[in-house]
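Undergrad: Each chain is listed here by its residues.
2 protein chains.
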Amino acid sequence: MKSLDNIIDEFAKLPGIGRKSAMRIAFHVLEMEDEELLNFITILKEAKEKIKKCEICGNLTENDICEICSDEERDSSIICIVKDSRDIIAFEKSKTYNGLYHVLGGIIDPLNGIGVDDLDIDKLTKRLTGNVKEVILALDPSLEGETTSLYLSKIIKEKEIIVSRIASGIPMGGNIEFSDIATLSRSLEGRKEI
Amino acid sequence: MKSLDNIIDEFAKLPGIGRKSAMRIAFHVLEMEDEELLNFITILKEAKEKIKKCEICGNLTENDICEICSDEERDSSIICIVKDSRDIIAFEKSKTYNGLYHVLGGIIDPLNGIGVDDLDIDKLTKRLTGNVKEVILALDPSLEGETTSLYLSKIIKEKEIIVSRIASGIPMGGNIEFSDIATLSRSLEGRKEI
Numbered sequence: 001m002k003s004l005d006n007i008i009d010e011f012a013k014l015p016g017i018g019r020k021s022a023m024r025i026a027f028h029v030l031e032m033e034d035e036e037l038l039n040f041i042t043i044l045k046e047a048k049e050k051i052k053k054c055e056i057c058g059n060l061t062e063n064d065i066c067e068i069c070s071d072e073e074r075d076s077s078i079i080c081i082v083k084d085s086r087d088i089i090a091f092e093k094s095k096t097y098n099g100l101y102h103v104l105g106g107i108i109d110p111l112n113g114i115g116v117d118d119l120d121i122d123k124l125t126k127r128l129t130g131n132v133k134e135v136i137l138a139l140d141p142s143l144e145g146e147t148t149s150l151y152l153s154k155i156i157k158e159k160e161i162i163v164s165r166i167a168s169g170i171p172m173g174g175n176i177e178f179s180d181i182a183t184l185s186r187s188l189e190g191r192k193e194i
Numbered sequence: 001m002k003s004l005d006n007i008i009d010e011f012a013k014l015p016g017i018g019r020k021s022a023m024r025i026a027f028h029v030l031e032m033e034d035e036e037l038l039n040f041i042t043i044l045k046e047a048k049e050k051i052k053k054c055e056i057c058g059n060l061t062e063n064d065i066c067e068i069c070s071d072e073e074r075d076s077s078i079i080c081i082v083k084d085s086r087d088i089i090a091f092e093k094s095k096t097y098n099g100l101y102h103v104l105g106g107i108i109d110p111l112n113g114i115g116v117d118d119l120d121i122d123k124l125t126k127r128l129t130g131n132v133k134e135v136i137l138a139l140d141p142s143l144e145g146e147t148t149s150l151y152l153s154k155i156i157k158e159k160e161i162i163v164s165r166i167a168s169g170i171p172m173g174g175n176i177e178f179s180d181i182a183t184l185s186r187s188l189e190g191r192k193e194i
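First to last, the sequence lines map onto chains A and B.
Here the first sequence stands for residues 1 to 194, numbered as in the UniProt record's numbering.
Here the second sequence stands for residues 1 to 194, numbered as in the UniProt record's numbering.
Calculated directly from the structure, the hints in this document are not laboratory data.
Keep in mind the model is a prediction, meaning the values are calculated, not measured.
Incorrect hints may have been included.
If several chains are the same, the list does not tell them apart, and a pair holds so long as it fits within one copy or across any two.
Below, in silico cross-link-like pairs of lysine-lysine (BS3-like), each with a Cα-Cα straight-line distance of 25 Å or less [claimed, not checked]: (1) LYS95 <-> LYS20; (2) LYS13 <-> LYS45; (3) LYS83 <-> LYS2; (4) LYS53 <-> LYS20; (5) LYS48 <-> LYS13; (6) LYS83 <-> LYS20; (7) LYS13 <-> LYS93; (8) LYS2 <-> LYS20; (9) LYS2 <-> LYS93; (10) LYS2 <-> LYS95; (11) LYS95 <-> LYS83; (12) LYS2 <-> LYS53; (13) LYS50 <-> LYS13; (14) LYS50 <-> LYS2; (15) LYS52 <-> LYS93.
Using the sequences and the hints given, assemble the complete structure.
TA: Okay, structure coming up:
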């Protein structure tokens with residue numbers, strides 16, 4: 001059935017959904033009440049229409065400026081650079097950071113043809129004015145993340161702003177025994193006197 | 001953000017999608033091109049409109065009668081009863097069955113308030129005419145599946161039709177060591193001389 005295959009294909013395109021899950025979801029959707037499906041579609045459309053990127057930091061927002069950038073309680077002297085808005089949600093949940101963010105929207109990834117020019121560096125450098133004292137690089141500790149961090153740190157240091165990088169090491173609850181070499185080596189490098 | 005929460009909630013309602021996956025999918029959808037999202041929505045609507053249940057067996061189809069029921073090459077003297085259309089797809093992939101199917105659409109599940117009256121037994125009994133020689137019960141080997149099988153077998157036997165049940169036991173590639181007691185006991189019960 002063409003229309004069944006189509007709907008399965010569409011769900012299989014979503015991130016983290018394999019063929020079997022896509023089929024399960026497709027059957028679920030086919031069994032929905034018409035009204036329920038219309039509601040689902042309306043919510044998709046509405047979210048897509050209302051949500052845009054913050055003009056300052058690139059975070060998702062329903063306004064021109066996001067909640068974090070417009071919050072005067074937050075420390076605007078410190079900016080944490082993340083790959084995308086999901087990372088902001090993760091940090092916000094931890095409730096340990098009160099500065100601002102900057103969403104890079106991507107990282108340098110030569111294998112997938114993403115170079116320096118594909119990152120919106122201008123938007124970032126415009127923010128690196130007198131008020132900013134520290135920039136925290138919070139990109140994934142992968143080869144691409146490291147490359148991007150190195151590149152950005154050079155640009156930021158030129159502005160005489162402190163650059164830091166979030167610690168990487170063995171996650172809480174993790175095992176030394178099952179940690180990979182790179183993580184162990186990072187955990188040693190980043191050791192702290194107690 | 002209300003509209004972001006809404007879209008995450010919607011995806012989290014789909015089967016097999018947890019909160020984290022729902023968030024990942026929501027962000028993916030927000031990053032889609034407008035055209036891409038419209039296409040996605042069109043495919044959902046189209047599938048929902050076109051796909052209905054076969055008038056004979058209850059399988060999903062774009063026509064009044066499904067491909068299997070209308071295939072004259074298939075053996076109409078044998079009917080395999082399954083819970084839903086997905087099970088038909090699984091059996092058809094195995095290419096080992098050439099009879100017809102009957103989709104029950106549910107199984108007896110008193111804990112969830114599904115009783116005998118909620119199953120469309122009439123549709124099934126109407127098919128149990130002179131031509132049918134055997135009915136295979138292919139419901140999941142769970143308490144609910146077993147109860148339903150027992151109930152159906154009584155009705156079918158009254159019509160003097162052979163009733164069989166698919167074998168349950170240790171799956172191909174499975175381990176005896178890690179099999180649960182019920183499976184092991186089933187595998188012994190169902191042993192065959194070789």
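Undergrad: Each of the hints needs a verdict: does it hold here or not?
TA: These are the hints, each one checked on the structure:
no., hint, verdict
1, LYS95 <-> LYS20, "between (37 Å within a copy, 18 Å between copies)"
2, LYS13 <-> LYS45, "both (18 Å within a copy, 17 Å between copies)"
3, LYS83 <-> LYS2, "between (38 Å within a copy, 23 Å between copies)"
4, LYS53 <-> LYS20, "between (34 Å within a copy, 21 Å between copies)"
5, LYS48 <-> LYS13, "both (18 Å within a copy, 19 Å between copies)"
6, LYS83 <-> LYS20, "between (30 Å within a copy, 17 Å between copies)"
7, LYS13 <-> LYS93, "between (28 Å within a copy, 22 Å between copies)"
8, LYS2 <-> LYS20, "within (17 Å within a copy, 31 Å between copies)"
9, LYS2 <-> LYS93, "between (43 Å within a copy, 17 Å between copies)"
10, LYS2 <-> LYS95, "between (48 Å within a copy, 20 Å between copies)"
11, LYS95 <-> LYS83, "within (19 Å within a copy, 47 Å between copies)"
12, LYS2 <-> LYS53, "between (37 Å within a copy, 15 Å between copies)"
13, LYS50 <-> LYS13, "both (23 Å within a copy, 22 Å between copies)"
14, LYS50 <-> LYS2, "between (33 Å within a copy, 10 Å between copies)"
15, LYS52 <-> LYS93, "within (21 Å within a copy, 44 Å between copies)"
Figure legend: structure checked against the earlier numbered hints; every hint is met.
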